[in-house]
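The whole structure should be built from the sequences, with the hints applied where relevant.
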Amino acid sequence: MNSILADGSPGKRSSDGERYPALSDRHGWVSYVFIAAGFLALVPILSTHRVTDFMIFCIFALSFDVLYGFMGRLSFGHILYLGTGAYAAGLFIRYVDKNPVAAVLLGVAAAVATGMIIGPIVVRTTGACFALINLAFNQIGFFLVLSPLREFTNGEDGLGVHAAQIGFFNTSSPSVMFWFVFACLLAVFYLLRQLTRSPYGLMVRCINENESRVRFLGYNTFFYKWVTFVIASGVAGLAGTLTTLNYKYVNPNVMDVHSNVGVIFACLIGGAGNLYGALLGGVIYMIISNTLPRYIQSWEMFLGISLLLIVFKFRQGVWGYLGDLWSYYQRKREQGKS
Amino acid sequence: MIYTIMYGFTIGAILYFISIGLSLTFGTMRVINFAHTLIYTLGVYFLVTFMAALNGHIVLSGVLAVLCVIPVSYLIERFVIRKLYGQSVDYTFIATFAISLIGVDLIKRIWGVNPYPLSDPIGTYLTFFDFTFPVYRVLIIGIAIVLFFALEWFFRRSIIGKIVAASLDDEDGVRCLGVNVKRYFSIVFVLGSVLAALGGVLYAPISSIQPYMGHSILLLAFAVVIVGGMGNLRGTFVAAFALGMVMSVTARYWSQGAEVMVFIVMGVVLIFKPLDL
Numbered sequence: 271m272n273s274i275l276a277d278g279s280p281g282k283r284s285s286d287g288e289r290y291p292a293l294s295d296r297h298g299w300v301s302y303v304f305i306a307a308g309f310l311a312l313v314p315i316l317s318t319h320r321v322t323d324f325m326i327f328c329i330f331a332l333s334f335d336v337l338y339g340f341m342g343r344l345s346f347g348h349i350l351y352l353g354t355g356a357y358a359a360g361l362f363i364r365y366v367d368k369n370p371v372a373a374v375l376l377g378v379a380a381a382v383a384t385g386m387i388i389g390p391i392v393v394r395t396t397g398a399c400f401a402l403i404n405l406a407f408n409q410i411g412f413f414l415v416l417s418p419l420r421e422f423t424n425g426e427d428g429l430g431v432h433a434a435q436i437g438f439f440n441t442s443s444p445s446v447m448f449w450f451v452f453a454c455l456l457a458v459f460y461l462l463r464q465l466t467r468s469p470y471g472l473m474v475r476c477i478n479e480n481e482s483r484v485r486f487l488g489y490n491t492f493f494y495k496w497v498t499f500v501i502a503s504g505v506a507g508l509a510g511t512l513t514t515l516n517y518k519y520v521n522p523n524v525m526d527v528h529s530n531v532g533v534i535f536a537c538l539i540g541g542a543g544n545l546y547g548a549l550l551g552g553v554i555y556m557i558i559s560n561t562l563p564r565y566i567q568s569w570e571m572f573l574g575i576s577l578l579l580i581v582f583k584f585r586q587g588v589w590g591y592l593g594d595l596w597s598y599y600q601r602k603r604e605q606g607k608s
Numbered sequence: 004m005i006y007t008i009m010y011g012f013t014i015g016a017i018l019y020f021i022s023i024g025l026s027l028t029f030g031t032m033r034v035i036n037f038a039h040t041l042i043y044t045l046g047v048y049f050l051v052t053f054m055a056a057l058n059g060h061i062v063l064s065g066v067l068a069v070l071c072v073i074p075v076s077y078l079i080e081r082f083v084i085r086k087l088y089g090q091s092v093d094y095t096f097i098a099t100f101a102i103s104l105i106g107v108d109l110i111k112r113i114w115g116v117n118p119y120p121l122s123d124p125i126g127t128y129l130t131f132f133d134f135t136f137p138v139y140r141v142l143i144i145g146i147a148i149v150l151f152f153a154l155e156w157f158f159r160r161s162i163i164g165k166i167v168a169a170s171l172d173d174e175d176g177v178r179c180l181g182v183n184v185k186r187y188f189s190i191v192f193v194l195g196s197v198l199a200a201l202g203g204v205l206y207a208p209i210s211s212i213q214p215y216m217g218h219s220i221l222l223l224a225f226a227v228v229i230v231g232g233m234g235n236l237r238g239t240f241v242a243a244f245a246l247g248m249v250m251s252v253t254a255r256y257w258s259q260g261a262e263v264m265v266f267i268v269m270g271v272v273l274i275f276k277p278l279d280l
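Keeping their order, the protein sequence lines are chains A and B.
For the first sequence, the working numbering begins at 271 and goes up steadily by one.
For the second sequence, the working numbering begins at 4 and goes up steadily by one.
Hints are computed from structural coordinates only; laboratory data are not their basis.
The beta-carbon is built from N, C-alpha and C at its ideal position, and this holds for glycine as well.
Treat the hints with care, since some could be wrong.
Said to hold, decoys possible - So, partial list: chain B residues that the calculated Cβ filter (under 10 Å) puts toward chain A:
#1 91
#2 94
#3 96
#4 100
#5 111
#6 114
#7 118
#8 226
#9 251
#10 252
#11 254
#12 259
#13 266
#14 273
Claimed, not checked - What follows is a set of in silico ranges between Cβ atoms, one per label pair, in the way DEER data are often shown:
#15 B:85 x A:299: 27 to 35 Å
#16 A:416 x B:274: 23 to 31 Å
#17 B:116 x A:391: 30 to 38 Å
#18 B:237 x A:304: 28 to 36 Å
#19 B:115 x A:372: 45 to 53 Å
#20 B:115 x A:564: 20 to 28 Å
#21 B:179 x A:607: 31 to 39 Å
#22 A:493 x B:259: 35 to 43 Å
#23 A:383 x B:85: 40 to 48 Å
Right, here's the structure in full:
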């Protein structure tokens with residue numbers, strides 16, 4: 271495995287287990303405790319509602335990380351699937367049935383279906399072309415919601431969505447929503463962690479490193495790329511349905527093309543190719559975007575300058591930086607012993 | 004219908020101006036330049052400024068606006084794009100996107116967010132049988148066609164053009180001949196930016212001017228480049244006019260669907276002719 275992975279250019283990521291020994295598989299459960307404690311610790315600092323928002327964004331960042339960090343495909347239109355999920359859930363609650371659980375399932379199914387249809391077209395391309403085609407599809411989706419489907423989606427004004435209460439699952443209570451999203455986040459994290467550690471995840475990384483070699487070994491890379499794309503869209507769709515339930519409102523901004531930069535920024539600043547990085551990046555991005563506009567007027571300028579800095583100076587992201595620091599510290603301690 | 008065709012040719016001509024630079028920068032440097040239409044927007048804003056300073060002399064202020072874009076695009080090439088040559092496309096993509104964010108913010112700071120109105124500078128109409136065409140649109144189409152032949156000449160006959168065309172084919176080979184390819188790349192980059200600014204200057208009087216005007220047209224220009232083939236100059240020419248026609252014909256029957264139709268055409272093209280980038 272290492273021989274395939276290690277021959278890439280020096281800056282490439284290797285698998286997390288080796289690079290970040292503190293959080294390798296042996297201590298699996300510890301990481302969940304850390305994540306849970308981290309989000310719970312945020313609640314008293316910020317409000318419950320806001321932390322729920324953070325966690326939804328983290329789910330979205332995780333889905334983007336599967337696509338960008340693991341498969342190496344930068345999409346500039348990933349928010350389309352979030353929007354699809356959000357609208358599917360919203361329309362379902364509004365016109366069909368007020369059951370929130372069914373709405374979540376339907377939203378995820380809609381996003382998965384969209385990913386399945388669009389996937390075969392987009393995964394054949396790489397690099398810039400992949401980013402642009404996703405962007406174009408995103409634009410089409412945005413347009414569809416805004417204009418031809420206006421009768422159902424209410425155009426720019428958006429839809430108010432009020433789900434019914436099922437048992438103790440009452441979506442208008444912030445604390446219930448918090449625990450629901452919290453459970454969703456941990457479940458998504460668990461699933462994606464298992465997935466990226468499985469042989470399938472290794473295959474996806476190999477495709478990222480050198481696709482033609484993988485194809486030469488006789489694997490159908492198209493299928494793997496397609497499945498990954500569909501998984502990423504499904505998880506993004508889950509984030510979308512949760513957004514709808516959390517805000518009780520959905521408008522075309524949920525699939526605005528220009529919002530894509532947020533998730534790209536989150537993934538890069540956290541450290542792409544690592545699920546913890548995506549979580550950390552999601553939280554960092556949300557904290558910055560929630561607090562900074564209060565103090566700095568030109569938010570776009572700040573985003574632009576920090577993206578440039580990340581690209582030139584800080585490619586490994588915060589998580590990668592912490593990992594480097596950890597290994598440096600360990601090396602130092604070993605030297606001290608001997 | 005004849006107006007629709009006319010309109011299609013105008014849009015096609017503008018798309019050609021803008022996408023030629025994208026196509027060239029991709030073909031030579033393997034860089035997808037998100038900041039390309041920032042230059043286009045900047046050209047338009049320079050035009051507005053010079054118009055105000057020169058009492059509305061449009062030709063002179065247009066020329067000055069296009070010239071003012073040169074140092075800006077050189078700086079972008081020199082300090083951002085050149086440092087990312089040969090690296091993953093994603094990084095150049097993100098970096099140029101970051102530049103466009105910064106640029107749009109600066110434009111908003113300097114010129115404000117309110118749209119500027121500009122009217123058709125010629126204003127006369129050409130009557131041809133029973134149809135009347137604004138002379139200005141005929142002029143735009145004329146300039147686009149002249150530009151096409153000029154570029155054909157440039158890449159076939161002039162030494163700079165030949166070097167660039169050769170490095171489109173085989174960059175290493177050209178470098179082995181002792182040519183400093185990077186210098187020619189920055190010439191190409193500036194040339195592409197100048198053409199984008201020219202497109203902006205020509206299009207400004209018949210469109211609305213606002214800081215985000217580059218975003219919407221960027222997607223269309225990308226579609227042109229993808230349909231026409233990255234780095235393929237003739238393909239870009241044909242694709243620009245074909246997609247311009249698609250837009251205007253769609254707009255005739257379904258006015259909001261014009262842009263989306265372009266992306267649908269792009270999707271269909273990609274299904275049958277996937278790019279291996």
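- Message: Tell me the hint numbers this structure goes against, listed in increasing order.
- Response: 6, 7, 9, 10, 11, 15, 18, 21
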